[in-house]
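Trainee: Dock chain B against the given chain A, drawing on the hints supplied.
Number of protein chains: 2
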Amino acid sequence: MLEELAIILIFAKFFALLARKIKAPEVAGEIVAGLLIGPSLLNLIQTNDFLTDMAEIGVILLMFSAGLETDIGQLKRSGAKATLIATAGVVVPLICGTILYMAFYGFGGWGSENFIRALFIGTILTATSVSITVQALRDMGKLSTEVGMTIMNAAVIDDVLGIIVLTAVISLKDPKANLGIVVLKMVLFFVFAIGVGYIIYQIMKWVDARYPHTRRIPIIGLVLAFGMSYVADRFFGVADITGAYCAGIILSSLDDSAYIERKMDINSYMIFGPIFFVSIGLQTNLKQIDPSVIVFSLAFVAVGMIAKVIGCGLMSRILKYSKDESLKIGVGMMTRGEVALIVSQRGLKAGMMDSQFFTSVILLIIISSIVTPIILKSLYMKTDAKEKAQAAS
Amino acid sequence: MLEELAIILIFAKFFALLARKIKAPEVAGEIVAGLLIGPSLLNLIQTNDFLTDMAEIGVILLMFSAGLETDIGQLKRSGAKATLIATAGVVVPLICGTILYMAFYGFGGWGSENFIRALFIGTILTATSVSITVQALRDMGKLSTEVGMTIMNAAVIDDVLGIIVLTAVISLKDPKANLGIVVLKMVLFFVFAIGVGYIIYQIMKWVDARYPHTRRIPIIGLVLAFGMSYVADRFFGVADITGAYCAGIILSSLDDSAYIERKMDINSYMIFGPIFFVSIGLQTNLKQIDPSVIVFSLAFVAVGMIAKVIGCGLMSRILKYSKDESLKIGVGMMTRGEVALIVSQRGLKAGMMDSQFFTSVILLIIISSIVTPIILKSLYMKTDAKEKAQAAS
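Each protein sequence line maps, in turn, to chains A and B. For our numbering, count along the first sequence from 1 and bump the result up by 55. For our numbering, count along the second sequence from 1 and bump the result up by 55.
Next comes chain A alone, as it looks inside the complex (with noise of 0.2 Å):
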C-alpha cells in the first residue's frame, strides 16, 4: 500500500506539473498519470479496495469544497439572468448527450435501462468548470465586465441544477423507481437538508465565536461532510456527493469557512485529490476501448461543447445582450472539468455508464480546457481590435 501511495503521488504531482506547463488542466495531468501507471500501460498500479475508498474520500473533499466555496449572498443577487442563461445550460447539453447516446446506442422506449444510460450521458455534460475561463478572463483583465460576472453567475448555478440533475437521474437507478418517489425524496432530503443544515449552523457559529480557528472547525466540518454523504445516500437514496456538497453550503456562511476550506484544500491536494483523479485514470483501459467509443468520444467532445453554447449563448441573445457578448458567454461556459468527472464516477458506481466512456468524459476535459481560452482570447482580440477602429474612426 505505501509504495502505491508513493507511486500515485509523485506521478500525480509531475504530470500536474507538466500539463500546467502546456496550460492543460492540472487535473488532466492526473489523469494521465494514471493512465500511464495503470493497466493501459505500465501496468504498475491496479485499483483496489483501497484505492477506491481513498479515491471516495477524495470526491467528498471535493464536493464539500465546491459547496463551501459557494457564496449565498452572490447566488441571490446575481438574479433572473443568470438563472436563466445557467438553465438553459444545463438542459440544451442534457438534451444533446441524452440525444447523442441514442443515437449510437439506440433508444430502448422511455425509462428503458438503455434510456436511462442515455440521460446519464446527458447529465454529465450539464456541469460546467469555470476555472479554466474564470483564469482566461483574469488574464485579459475582462473578469469584472459584465460578461465576465455573468459567466461566473451563471456557472455558480449551473452547479447547483447540475447537482440536482445528477440525484434525479441517480435516484433512478433503482428499477421500480417511480419518478414520482424518486422527486418526493428528492424533496425531502433538500427539506431534511435545509432543516438539519439551519441548526447545524446555528450550532457552528456559536461555536466558531468561541473558538475561532481552532482545529475543531474543520474537524466537525469533515464530520458533517462524511455524515450528510452518508445520509443522503443511505436514507434519501440521493447521491453522496448531494450530501458533501450541501454540507459544504451550510457552513459556507461561517466566518471560518474560509479556514474550513483552506484545512481541507491541504487534505486534498496532498492525498486524496490525486487518488481521485490518478484511479479515474487507472479504472481505464485505453488497450480495451471498443472503437465505437473513440468515434462516439470525438461526437460526445464537439456535442458537449456547442450545446453549451447554444444554451448558454441563445439565452443570453433572448436576454438581450449584444451577438458578440452572448458568443463569449457561450464560449466561457464550455469548459468542463472535475464536477464531470466526479459526476461520471458517480454513475460508474451506480451501473449507469460503462467504464469507457471515461475516455470521453477525460477528451473532453482536456480539448475543451484548451480551446476555450484560445477561443476567447481570439474573440476578446477581435473585439478590442473593432472598438479600437471605432474610437480611431
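Keep in mind the hints are simulated off the structure, nothing from the lab. Take the hints with a grain of salt, since some may be wrong.
Same chains, same names: a pair is fine if it fits in one copy or spans any two.
Unchecked claim - Once the Cα atoms are required to be at most 30 Å apart in a straight line, the calculated DSSO-like pairs of lysine-lysine come out as: (1) K260 to K76; (2) K76 to K136; (3) K240 to K342; (4) K78 to K228; (5) K443 to K432; (6) K378 to K260; (7) K78 to K375.
Predicted, not measured: the structure shown is a model, and the values here were computed from it.
Mentor: For chain B alone, kept in the frame of chain A given last:
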C-alpha cells in the same frame, strides 16, 4: 465507510477535548473514544482493512513528522551528557521491562519466542515522550534552565536510540533471524538511508530554493516518507516507521522543513492521526482481558515509570548533577506517549505482542502523563521554598 469516519472523527475530537480539560494527553482521549465505540463497549465500529490501512498511514505521518522536528544541530551540540543520560534511560527500562514480562510469563530460554516477546515489552518502555514534561516546565518557567535543557536534549537522543532498539528487536521476528544478519541489515539500511538521504537532500534543497513554499515540496516529502517506509520494510526487514523517521530526518535541515511539517500536521490531525489512536482503542477488547494482564499492567506502569527515574536519575547523579536535579531529570523523562503506542502497534503487527497489552501501554501513558507534571511541580516547589528559606536566612 463514510459513517465510520464520521463517528470516529467526532468521538475522537470530543474525547480529546475532554482529556485536555482534565489535563490528560489528548491521545489518551482518542484511545478512550476508540474503547467506547469499539467492541469493549458500544460496538458501533469494528476494525477492518480500510481502517487498518488508514491507521498505518497515520503512523507513517506521525513518525515522519517526528523526524522532521529533529534538530540535528541541537543533537550534535547536546553532546556527551545528554547522550549518556538518554542511553541509561533506554537500557534500564529495556532490561526491567524484559525481566518483568519474564517474571509473569516465564523465561523460555535465550532467543525463544517468549524471550523475544519479553524483549519487546522492554522495548515499549524505552521511548520517552517529553511533550507533557516540556509543557509542565514551560508553565513553571523552568524550561530554559539546565535541567530543562538536559531533559529536552536527552529526550531527542532517546527517540533515536529507541528507534534503533525497535529496529533491532523487530528484525528478530524472523525465527531464522541471526543476530549478526539483523545487525548487518540494520547497518546496511542506515548506510543506504544516509547515502540516498544525502542525494535526496541535495535535490530537495535545489527544488526548495527554486520553488519555496509550493505544494510540490510537502508532496515530495510525503512520497519520500512512503517510499522510505516501503524500502525499509521490504528490502532491509527494518520497521517501516524507521524508514518514515529517517525520511523526516533527511528533510529536517531544509529551509522548508517547518512548512512540510505544518502540511503533514494538518493531514495528521484532521484524519489519519485520530484514526490511528482510535483504532488502538478498537483493537482492545476490555471484555476479554485476562485477569493476569490487569495485574501485569499495574506492575508495568510502576516499573515503566520507576525504571526511567532510576536510569536517567542515576546517570545524572554520576554526571555530577545535584541529587535534586537528578531526581527532576529522572521524573521529567518518565512520561510516555504516542511513540510507545506506535511501537506496540508494530509489535502487534509483527506478531510479537498480544493486543491485550495495549491496555498496559494505554494505562502507562495516561498515568505517567497525569502524574509527572504533578510530581515535577511539587519537586520545584520544594526547591524554590528551600532557596527562598536560604535567601532569607
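Trainee: Checking an output row: K240 and K342, CA cutoff 30 Å. Within, between, both or neither?
Mentor: Intra 41 Å, inter 42 Å, cutoff 30 Å: neither.
Trainee: Please sort K78 with K375 into within, between, both or neither, judging by C-alpha distance up to 30 Å.
Mentor: Cα proximity of K78 and K375: none, with 34 Å in one copy and 66 Å across.
Trainee: Under a CA distance limit of 30 Å, which applies to K378 and K260: within one copy, between copies, both, or neither?
Mentor: Neither way: K378 and K260 sit 46 Å apart in one copy and 54 Å across, limit 30 Å.
Trainee: Using 30 Å as the alpha carbon limit, work out where K78 and K228 are close: within a copy, between copies, both or neither.
Mentor: neither (38 Å within a copy, 52 Å between copies)
Trainee: Pop the pair K443 and K432 into one bin, within, between, both or neither, using alpha-carbon distances up to 30 Å.
Mentor: Classified as within; 16 Å inside a copy, 79 Å across copies.
Trainee: State whether the alpha carbon distance between K76 and K136 is at most 30 Å within one copy, between copies, both, or neither.
Mentor: neither (36 Å within a copy, 53 Å between copies)
Trainee: At most 30 Å between CA atoms: does that hold for K260 and K76 within a copy, between copies, both, or neither?
Mentor: For K260 and K76, the Cα distance is within 30 Å only across copies (22 Å; inside one copy 42 Å).
Violated hints for the displayed structure, listed by number in ascending order: 2, 3, 4, 6 and 7.
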